[in-house]
Every structure is written in C-alpha cells, then in structure tokens.
Amino acid sequence: MHALANLAGIFYQVVLPILLLAAAGYGLHRSSRLDLASLARLQLGLFVPAFLFVRIAQSDLSWADMGLIVAAMLLAEGILALPIWLTARARRIPHETTAILVLSSIVFNAGNFGIPLAERAYGRQGGEVQSL
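Offset between the sequence shown (1-based) and this note's numbering: plus 7.
By construction, these hints were calculated from the structure, which means they are not laboratory data. Careful: at least some of the hints might be erroneous.
Per label pair, the in silico range of CB-to-CB distance [unchecked claim]:
#1 Ala78 / Arg37: 41 to 47 Å
#2 Ser69 / His36: 36 to 42 Å
#3 Tyr19 / Gln65: 24 to 30 Å
#4 Gln50 / His9: 36 to 42 Å
#5 Ala78 / His9: 20 to 26 Å
Beta carbons: idealized from backbone N, C-alpha and C, even for Gly.
Use the sequences and the hints to build the structure in full.
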C-alpha cells in the first residue's frame, strides 16, 4: 500500500501539473480557435531553440557530462536504427520508406512533456539533462 501512496504522490506532484497545463491549452483552443499552424511554426522556429539555448547555456553540467549524455543518446538511436535499417534492406523496402521508418523510430518528442517532467521529478539537473 505504501508503494501505491508513493505513486499517487509522484503523479500529484510531477505529472498532474503538466497535464493541467495541457488541459488549459486545450480549453483555450476550444474556446477561441487558436491558429495552431502559426503557433507551431513560432514554437519550433523561435521558442524551442531559444529555450534550449538558454537552458544549456545556464546549465551546471560540465562539457564532459554533456558529451556523455549526447554519446548515450546517439548510441541509443544507433541501437534502434540499425535493426530497422537492416530489416528494411533485407526486405527491399524503398530508400525513402526506409528513411521514414528509421527517422520516426529514433527521433522522439521529449521536449514539451519530457523536460518539465524530468525537472519536476529530478530537479534542475534533470531538466538540464533532458534538454540535451
């Protein structure tokens, strides 16, 4: 029972605030019909790069730590990509389709939900690691 109480506490303190923000955004869109295409371009072209630049520039992580994090990420992506690529080649799947399969498998969206979740769960350093 203690584990369930811990899980409920983690959900309440870490996940619920992020879900409430997402619900507020959904409610705002439903009530005012925001132009999502313009917001997405603004977010991906300006807000996310600026946020990540500031986040990494103000990070307390050492260059060595950042290098290890990036290396681990690249290794994980390689481990995911290699069997997909080999299987696609063996099945003679067209190059364009293979590229789509590999990219959609190794590129993950961990920013909008992942960075705040990591920060709420692990503190500032968790958010810094997730930003990389």
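- Item | Structure-inconsistent hints, enumerated in ascending order | Violated hint: only 5; rest satisfied.
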